[in-house]
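**Q** Line by line, the protein sequences are chains A and B. Read in the UniProt record's numbering, the first sequence has 140 at position 140, and its numbers run on one by one without any break. Read in the UniProt record's numbering, the second sequence has 154 at position 154, and its numbers run on one by one without any break.
Since the hints were made in silico from the structure, they are not lab data. Just so it is clear, CB atoms sit at the ideal spot from N, CA and C, and this is done for glycine as well. Don't take every hint at face value.
Pairs of lysine-lysine, BS3-like flavour, derived with a Cα cap of 25 angstroms [to be verified]: (1) Lys39(A) - Lys359(B); (2) Lys365(B) - Lys66(A); (3) Lys214(B) - Lys112(A); (4) Lys519(A) - Lys292(B); (5) Lys291(B) - Lys365(B); (6) Lys52(A) - Lys66(A); (7) Lys365(B) - Lys34(A); (8) Lys31(A) - Lys359(B); (9) Lys512(A) - Lys48(A); (10) Lys359(B) - Lys152(A).
Restraint-style ranges between C-beta atoms, simulated for each label pair [stated by the list, open to error]: (11) Asn42(B) - Val58(A): 57 to 65 angstroms; (12) Met1(B) - Ser516(A): 43 to 51 angstroms; (13) Ile264(B) - Arg255(A): 50 to 58 angstroms; (14) Ile84(A) - Asp169(B): 35 to 43 angstroms; (15) Asn95(A) - Ile272(B): 54 to 62 angstroms; (16) His332(A) - Ala235(B): 51 to 59 angstroms; (17) Asp213(B) - Ile81(A): 23 to 31 angstroms; (18) Met1(B) - Ile84(A): 43 to 51 angstroms; (19) Lys237(A) - Ile272(B): 51 to 59 angstroms; (20) Val131(B) - Leu113(A): 33 to 41 angstroms; (21) Val382(B) - Gln125(A): 25 to 33 angstroms.
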Amino acid sequence: MEKNVCVCGHENPVGTKICVNCGRPLTEEAKSQKVLDMKYDGSAIRSKTYNKSIVDKVWNFFSSVKVGVALIIITLVVSSIGTILKQEAFVAAGNEAGRAAFYEDSYGSFGKLYYTLGFSDLYNQIWYLVLVAMLGISIIVASIDRGIPLHKSLKNQRVRRHESFMKRQRVIAEGYVPSSDSSKVLDVVEEKMKKLNYKVRRDGEALLAEKGRFSRYGPYINHVGLIIFLIGVLMHKFPGVYVDESMWIREGETRAIPGMEGYFLENKQFIFETHDNDPTTAQIQQGVNAVAKNYQTDIVLYKQAEDALPGQTDNLEVVKEYSIRVNHPLEHNGYALYQMDFRLNELKEMSFQLTNKETGEALGEVAVDLRNPKKEYVIDENTKVELMEFYPDFSGFNNEGEPQTLSPNPNNPAFIFNMITPEHPDGEISFVAIQQTVEPAGDNTYKMAFSGIDTINMSGLTIRMDKTIPILFVGGFIFLLGLAIGSYWNHRRIWIQQFENGQIRLAAHTNKNWFSIKKDLDAITEHAHLPQYIDQLDDEKDKDKDEENDQEDQKN
Amino acid sequence: MSLIDLSGNLLEVAFIAYLIATLLIGGSIKSNKPDGAEKRANKWGNLAILVTIIGFLSHIGYFITRWIHSGHAPVSNMFEFTTAFGMFLVGSFILIFFMYRVTALGLVALPIALLIIAWAGMFPQDVTPLVPSLQSHWLTIHVITAALGQSILAISAVAGLIYLLKDVDTKKKGKQRFWLEAILYFLVLILGNIVTSAVFNAVGYEAQYSYVDKNGMSQEIIYNVPAIFGMNESATLTEGAMDPMIEVPAFIHALKLTTVVWAIIVGTILYILIRLIARRRIADMLKPLVKKVNLQLFDEIGYRSVLIGFPVFSLGALVFAMIWAQEAWGRFWGWDPKEVWALITWLFYAAFLHLRLSKGWEGNKSAWLALIGFAIIIFNLVVVNLVIAGLHSYA
Ligand code: HEM
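Required output: the full structure, derived from the provided sequences and hints.
**A** Written out as structure tokens, the structure is:
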């Protein structure tokens with residue numbers, strides 16, 4: 001393989017910018033710099049070296065930080081579009097047509113366009129996933145591309161660096177120490193640097209003090225964490241990894257838990273409480289008069305016996321009793337049940353008196369369980385009521401005059417009764433709905449007089465199981481760890497050489513936080529009487545500005 | 001004095017202390033003439049920091065007493081959250097001050113904190129009971145960490161603004177001069193918003209209207225400013241109150257629109273007055289105050305505060321938020337607008353760091369980015385909370 005041979009004789013890999021051995025700049029670009037670009041210590045980056053095959057091109061595309069930043073910005077902008085209008089997940093409409101109508105009705109033609117382009121379900125669009133996946137690939141490729149050469153060069157650092165390297169550092173010092181100190185100056189520096197928690201290495205009259213090298217791995221660690229997290233998120237798409245079901249359960253009911261094979265749930269009662277505070281200003285302004293305090297379902301969790309047949313419910317074993325509240329889900333076996341919704345006072349039972357319209361005399365009472373209506377309600381030998389038709393959610397009559405029902409839920413029950421009485425052994429037919437009675441045969445003798453309702457509360461629960469949680473946790477933890485390492489520590493290096501004539505040359509570099517390395521330098525400069533350092537970037541611009549401003553002042 | 005009154009008083013003390021500290025810092029810089037008065041400047045500067053710390057302690061006092069009174073961390077409505085954000089902003093300023101020892105930061109940090117606290121005061125201040133989903137320790141942990149992260153990130157915008165005030169040449173026409181002045185104009189608009197609300201509150205203005213909402217339901221609403229825009233099919237209920245000048249359709253919230261337009265009108269008048277009296281741009285008025293700042297140092301402070309704030313923000317606004325969401329709703333992420341905007345903020349600062357590392361976007365460019373980042377944070381606080389309703393909406 002081709003090599004890049006430095007004047008010092010060291011063979012560097014092609015693409016190296018700064019000789020790994022002595023630190024001499026190798027490329028024309030590096031030679032022309034007043035302050036060397038110390039990114040990755042000038043080591044050869046694959047993407048900056050090869051650009052021939054397709055693989056190289058793809059590799060270079062994804063490893064480019066420019067591309068990476070572009071991907072981040074695109075993701076950011078696209079994500080923000082999804083917050084302009086409500087996402088579909090927050091729209092109550094049950095089916096596609098309903099959702100389409102919702103966007104058009106609520107937001108006009110813009111809403112329609114938004115829906116048609118898929119922005120209303122943006123975060124589930126395939127192209128959104130592709131975008132995030134590209135971001136992930138970019139993170140992986142860029143990290144390998146730079147991480148490996150960086151690791152190599154950090155591991156093999158020489159203490160002695162060439163003049164052209166030292167002089168091209170941002171912070172440098174050159175000069176003499178007072179002759180009395182001259183012989184032992186490096187010893188003094190070494191001792192002081194060690195006190196400042198630097199690791200010090202010596203090579204003859206050259207010294208390298210280094211601190212916080214591990215912080216250079218911070219970004220790579222955090223990128224690994226991000227990738228693990230993304231993998232966890234992608235795994236949601238695999239079957240068996242993620243369960244998301246919901247159920248409605250009435251008080252007193254015992255039902256199989258969807259998604260949780262072999263388990264049953266009993267709803268003992270649902271509790272809804274409000275705060276008894278004085279209404280606050282915000283409440284008054286919004287016309288709300290109570291603030292919810294607690295939503296709670298008291299449940300018993302059952303498990304089928306080992307040998308039970310599917311659906312068999314006669315010998316259930318109690319697993320536990322619990323009160324499910326918001327923020328306090330029921331957890332069992334990796335599954336969790338969350339309090340999500342509720343319906344208060346759902347109609348349960350309606351009672352009627354079979355009443356003689358004229359005399360007002362009642363022959364008896366009939367109570368209809370709206371979930372389990374019976375065909376026939378017997379009052380005595382000659383008196384009974386047949387329930388001919390039941391419309392749990394009555395919504396009016398169609399063109400043929402037949403009653404219609406919207407759903408099987410008893411929201412607005414309507415009945416067709418046949419009332420069999422001693423006077424009318426064949427029965428009289430009556431259609432009864434809330435606040436409405438129709439008598440198809442004309443004038444009936446009897447009526448079903450409404451006498452009372454019984455209501456019940458219903459609780460809406462969500463069942464979730466997510467096997468990726470541990471992966472997400474690990475990813476998140478590694479991400480934060482890497483972030484902290486890379487942000488709260490930094491890699492500081494100080495090179496010092498002493499020449500035969502007693503001259504001292506110093507150079508310093510840090511990957512970030514120049515303010516603090518200068519404080520360290522101040523400390524050793526004073527302690528060992530080193531020549532004063534200068535910051536080669538210490539802004540000429542700053543000085544220009546200051547002069548400009550001073551001139552302005554004088555003019556004013 | 002009851003605990004909640006004490007709490008209110010402590011907040012006022014903090015506000016006044018920050019005001020005094022701002023003036024002291026201004027004074028310390030003004031007196032920093034090349035006539036060797038540096039010692040004097042230092043003395044004023046140190047006094048300013050001392051007053052800031054006193055104010056901050058009082059602010060913490062407000063926070064703790066209110067917490068004890070209400071039984072939950074006071075971060076559960078707009079007033080509480082915004083006030084806490086102001087507190088963390090001052091705390092972050094104090095933290096960065098002790099790292100770099102530059103008082104000039106306070107010149108921008110404290111007025112911004114003052115604006116934020118005054119703005120918070122426009123919202124109802126009574127203690128609100130918590131709805132079930134907010135009854136969790138994660139509310140405290142998540143909101144406090146996220147707000148702390150945001151406020152440290154905001155310090156980079158403070159450093160950036162100072163950087164630009166010095167760096168941008170206001171003598172020459174250009175984009176940078178325009179946008180710099182636009183930012184300052186925006187700050188005056190916020191002041192306009194506060195002034196409008198304070199004035200109409202002081203005269204006790206109140207008008208009630210009925211209207212028909214999106215779902216065709218009849219509702220009532222109270223305006224505390226004269227109604228420029230009226231709600232859909234608005235009818236005036238308060239005797240003698242003015243009828244709205246313009247009625248808007250149901251999907252626009254006319255009261256919010258009215259508030260914004262009032263802020264723009266009053267703010268613009270204020271801005272024009274300032275310009276007429278001073279006969280210069282606000283940027284030019286501030287320039288002498290930042291004359292002596294070291295650009296290189298302020299650039300580094302900006303970068304450093306992003307480095308410190310980013311992990312805290314990631315922890316609070318993403319990680320803790322996900323843990324809480326998992327516990328409350330069984331899903332760690334739900335694409336709620338507030339969540340999405342936290343993600344956007346996070347992505348933005350990630351882009352900031354990468355641009356700085358690889359493209360060498362330092363100094364001027366980095367300062368502009370820091371200001372954009374702060375704009376996103378403020379957008380998240382104001383627009384997402386008040387306009388884009390979601391699970392997190394306090395409005
Ligand atoms: C949202 C996703 C990302 C996050 C949160 C993230 C986070 C970070 C952080 C915090 C740093 C350290 C910055 C500093 O210390 O100033 C960093 C460095 C870096 N990132 Fe990322 N990153 C992300 C995506 C990417 C992507 C897509 C690329 C691909 C090009 C990339 C490539 C790099 C590189 C090359 C470094 C420099 C490493 C070094 O200094 O040795 N990152 N990243």
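**Q** Indicate, hint by hint, whether the structure satisfies it.
**A** So, going through the hints one by one against the coordinates:
1. Lys39(A) - Lys359(B): Holds, at about 11 angstroms.
2. Lys365(B) - Lys66(A): 16 angstroms, holds
3. Lys214(B) - Lys112(A): 17 angstroms, holds
4. Lys519(A) - Lys292(B): 21 angstroms, holds
5. Lys291(B) - Lys365(B): 20 angstroms, holds
6. Lys52(A) - Lys66(A): 20 angstroms, holds
7. Lys365(B) - Lys34(A): 22 angstroms, holds
8. Lys31(A) - Lys359(B): 20 angstroms, holds
9. Lys512(A) - Lys48(A): This hinted pair holds, its Cα atoms lying about 23 angstroms apart.
10. Lys359(B) - Lys152(A): This hinted pair holds, its Cα atoms lying about 23 angstroms apart.
11. Asn42(B) - Val58(A): 57 to 65 angstroms: Holds: the Cβ-Cβ distance is about 58 angstroms, inside 57 to 65 angstroms.
12. Met1(B) - Ser516(A): 43 to 51 angstroms: Cβ of Met1(B) to Cβ of Ser516(A): about 46 angstroms, so the range 43 to 51 angstroms holds.
13. Ile264(B) - Arg255(A): 50 to 58 angstroms: With a Cβ separation near 57 angstroms, Ile264(B) and Arg255(A) satisfy 50 to 58 angstroms, so the hint holds.
14. Ile84(A) - Asp169(B): 35 to 43 angstroms: 38 angstroms, holds
15. Asn95(A) - Ile272(B): 54 to 62 angstroms: The hint (54 to 62 angstroms, Cβ to Cβ) holds, given that Asn95(A) and Ile272(B) are roughly 55 angstroms apart.
16. His332(A) - Ala235(B): 51 to 59 angstroms: For Ala235(B) against His332(A), whose Cβ atoms are near 55 angstroms apart, the range 51 to 59 angstroms holds.
17. Asp213(B) - Ile81(A): 23 to 31 angstroms: 26 angstroms, holds
18. Met1(B) - Ile84(A): 43 to 51 angstroms: Holds: the Cβ-Cβ distance is about 47 angstroms, inside 43 to 51 angstroms.
19. Lys237(A) - Ile272(B): 51 to 59 angstroms: 58 angstroms, holds
20. Val131(B) - Leu113(A): 33 to 41 angstroms: 35 angstroms, holds
21. Val382(B) - Gln125(A): 25 to 33 angstroms: 29 angstroms, holds
Of the numbered hints listed earlier, not one is contradicted by the structure.
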